[in-house]
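Whenever a hint applies, use it, and build me the whole structure from the sequences.
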Amino acid sequence: MDIPGAFANNNKYNLKEWKIGCNLKRNKGEKWIFKGEIRIWSGKKWHCQHNKRKERCTTCGGAEICKHKRQRLTCKECGGSQICEHKRQRSTCKECSGSQICEHNIQRSRCKECGGSQICEHNRERSKCIQCGGSQICEHNRRKSRCKECGGAEICEHNRIRSTCKECSGASICEHNRIRSRCKDCGGGSICEHNRQRSACIQCEGSAICRICKSKMGNRKYDKLCVTCAIQEGYAVKRNYKTKELSMVEFITQHTDVDWVNDKAYDLGCSNKRPDMVCDLGNHILIIECDENKHKHGDYSCENKRIMELSQDFSENNIHRPIVVIRFNPDSYVDSNNQKIESCWKAGKDGILRIKNKENWDLRLNKLLETTHHYISNPPIKDVMFEYLFYDDYTKIT
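The working numbering puts the sequence shown at residues 1 to 398.
Among the hints, erroneous ones may be present.
Listed below are the simulated EDC-like cross-link pairs for lysine to aspartate or glutamate, each with C-alpha atoms no more than 20 Å apart in a straight line [what the hints assert, rightly or not]: (1) Lys87 / Glu77; (2) Lys25 / Glu37; (3) Lys54 / Glu64; (4) Lys224 / Asp263; (5) Lys148 / Glu167; (6) Lys224 / Glu205; (7) Lys52 / Glu37; (8) Lys184 / Asp257; (9) Lys367 / Asp331; (10) Lys128 / Glu113; (11) Lys184 / Asp280; (12) Lys264 / Glu250; (13) Lys358 / Glu342; (14) Lys166 / Glu154; (15) Lys382 / Asp313; (16) Lys216 / Glu359; (17) Lys216 / Asp259; (18) Lys346 / Asp362; (19) Lys358 / Glu292; (20) Lys340 / Glu359; (21) Lys54 / Glu30; (22) Lys19 / Glu37; (23) Lys242 / Asp257; (24) Lys346 / Glu292; (25) Lys69 / Glu55; (26) Lys216 / Glu250; (27) Lys166 / Asp185; (28) Lys67 / Glu77; (29) Lys346 / Asp331; (30) Lys31 / Glu55; (31) Lys305 / Glu387; (32) Lys44 / Glu17.
To be clear, the hints were calculated from the coordinates, so they are not data collected in a lab.
These numbers were taken from a predicted model, which means no experiment stands behind them.
Here it is, written out as structure tokens:
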């Protein structure tokens, strides 16, 4: 018969042994010997030595673990009872109207409008919130699984997020070699009914659109307001700050289905150079620069050196990747017939730049888009290739 309060600590593990009927205090996280095995007290029940429910522990070969080392109930290959006809967990499947899906068609615990249990005071998922010090945030203030410095589980051998890496044929890459959710040919989830990126679609009032005028792309620096609205709301914005560049960025972002990084230094580079727009296409790099006034003002003698430094930034394991640089001039130039083509922009009496020739501006943007699509699909024939649009001697668009 077991004596309450009795235990033995003469086992080979030098741990106290818990016996049925023992009334000793057990502290959460404390190791004991229970039924001849090392067990950890969770505060409510016994866990295995790996601090998991024994029946669900892969290492222990728990009774609920299948041959694929997953929980049998949720294993797609085993056809687990919790897997629906769409090969998803039934409770979180939107098409099945799973029990965890709310009226906004989002997982209830993660729905901001429903005030889900996983949403913090900053209106983010608590585990991913930097301000809350979420469990998934690392010492570098990034998602732990996606942090390159931490060697996150989602980072592949090419130093990219594995699911979106084209060389790894990531799970998010479609047959057209694009991110599936953003692929128009696949009808990706991020593509709206107007065949644009939903977040950047004005008609859909996408999340990236200015929340006041709802007609231009917003800027995170100004709480998702466009520069014009930010000025009106009293934000300290430099007048005409990158007005032409932002107009170009907005147009190209809306009409292409690749990932652009705007005005930001490459994470793995050393030069700290910030291209206006850059897209990593795997086999080659595409850069678009908005060269106001053809960069004829100021000292731009180091532009070639700058591009060479960017080329080094994007090299992987000392292997160079070809670069295309499209240099786009939004201002005046002299065409091949020696006729001066005026700038599409003009400052008003208030000093703010506005488009004065919309027809010509649309023609220029469409030519830029055509050139961009060409180089997205066709790698350059040289290591570094420049394409000059609307510089002197350029053939006028008709």
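So, going through the hints one by one against the coordinates:
1. About 9 Å separates the Cα atoms of lysine 87 and glutamate 77, which keeps this hinted pair within 20 Å; it holds.
2. Straight-line distance between C-alpha atoms of lysine 25 and glutamate 37 comes to about 19 Å, which keeps the hinted pair within the 20 Å bound.
3. For a cut-off of 20 Å, the pair hint linking lysine 54 to glutamate 64 stands: about 9 Å separates their Cα positions.
4. For the hint pairing lysine 224 with aspartate 263, the CA-to-CA distance comes to about 16 Å; that is within 20 Å, so the pair holds.
5. With a C-alpha separation of about 17 Å, the suggested pair lysine 148 and glutamate 167 falls inside the 20 Å cut-off, and the hint holds.
6. With a CA separation close to 12 Å, the supplied pair lysine 224 and glutamate 205 stays within the 20 Å bound.
7. Restraint check for lysine 52 and glutamate 37: the C-alpha separation of about 14 Å stays at or below 20 Å, so the hint holds.
8. For the proposed pair lysine 184 and aspartate 257, the alpha carbon gap of about 7 Å is at most 20 Å, so the pair holds.
9. Annotation: proposed proximity of lysine 367 to aspartate 331 holds, straight-line Cα distance about 15 Å (limit 20 Å).
10. Between lysine 128 and glutamate 113, the direct Cα distance comes to roughly 18 Å. Compliance with the 20 Å bound is thereby established for this hinted pair.
11. Using a Cα cut-off of 20 Å, the hinted pair lysine 184 and aspartate 280 holds, with the two alpha carbons roughly 19 Å apart.
12. Pair hint lysine 264 plus glutamate 250 holds up; C-alpha atoms about 16 Å apart against a cutoff of 20 Å.
13. Taken as a hint, the lysine 358 and glutamate 342 pair is honoured in the structure, with Cα atoms around 12 Å apart against an allowance of 20 Å.
14. At roughly 14 Å between alpha-carbon atoms, lysine 166 and glutamate 154 fall within 20 Å of each other, so this suggested pair holds.
15. The hinted pair formed by lysine 382 and aspartate 313 meets the criterion: a straight-line CA distance of about 18 Å does not exceed 20 Å.
16. Distance restraint check for lysine 216 and glutamate 359: the Cα-Cα separation of roughly 18 Å lies within the 20 Å cut-off, and the hinted pair is therefore satisfied.
17. Taken as a hint, the lysine 216 and aspartate 259 pair is honoured in the structure, with Cα atoms around 19 Å apart against an allowance of 20 Å.
18. Note on lysine 346 and aspartate 362: the hinted pairing holds, with a Cα-Cα distance of about 15 Å set against a maximum of 20 Å.
19. Between lysine 358 and glutamate 292 the CA atoms are separated by roughly 17 Å; this keeps the pair inside 20 Å, and the hint holds.
20. Distance restraint check for lysine 340 and glutamate 359: the Cα-Cα separation of roughly 17 Å lies within the 20 Å cut-off, and the hinted pair is therefore satisfied.
21. A threshold of 20 Å between alpha carbons decides the hint, and for lysine 54 with glutamate 30 the separation of about 16 Å falls inside it, so the pair holds.
22. With a C-alpha separation of about 12 Å, the suggested pair lysine 19 and glutamate 37 falls inside the 20 Å cut-off, and the hint holds.
23. Distance restraint check for lysine 242 and aspartate 257: the Cα-Cα separation of roughly 23 Å exceeds the 20 Å cut-off, and the hinted pair is therefore not satisfied.
24. Taken as a hint, the lysine 346 and glutamate 292 pair is honoured in the structure, with Cα atoms around 13 Å apart against an allowance of 20 Å.
25. Simply put, lysine 69 and glutamate 55 have alpha-carbon atoms about 12 Å apart, close enough for the 20 Å limit, and the pair holds.
26. At roughly 8 Å between alpha-carbon atoms, lysine 216 and glutamate 250 fall within 20 Å of each other, so this suggested pair holds.
27. Between lysine 166 and aspartate 185 the CA atoms are separated by roughly 17 Å; this keeps the pair inside 20 Å, and the hint holds.
28. Straight-line distance between C-alpha atoms of lysine 67 and glutamate 77 comes to about 10 Å, which keeps the hinted pair within the 20 Å bound.
29. A distance of roughly 10 Å separates the Cα atoms of lysine 346 and aspartate 331; the hinted pair therefore holds under the 20 Å criterion.
30. Only pairs whose Cα atoms come within 20 Å are accepted, and lysine 31 paired with glutamate 55 is accepted, the gap being roughly 18 Å.
31. At most 20 Å may separate the alpha-carbon atoms for a hinted pair to count; lysine 305 and glutamate 387 meet this at roughly 17 Å.
32. Restraint check: the Cα-Cα separation between lysine 44 and glutamate 17 comes to about 17 Å, which is no more than 20 Å; the hinted pair holds.
Figure legend: structure checked against the earlier numbered hints; the only hint not met is number 23.
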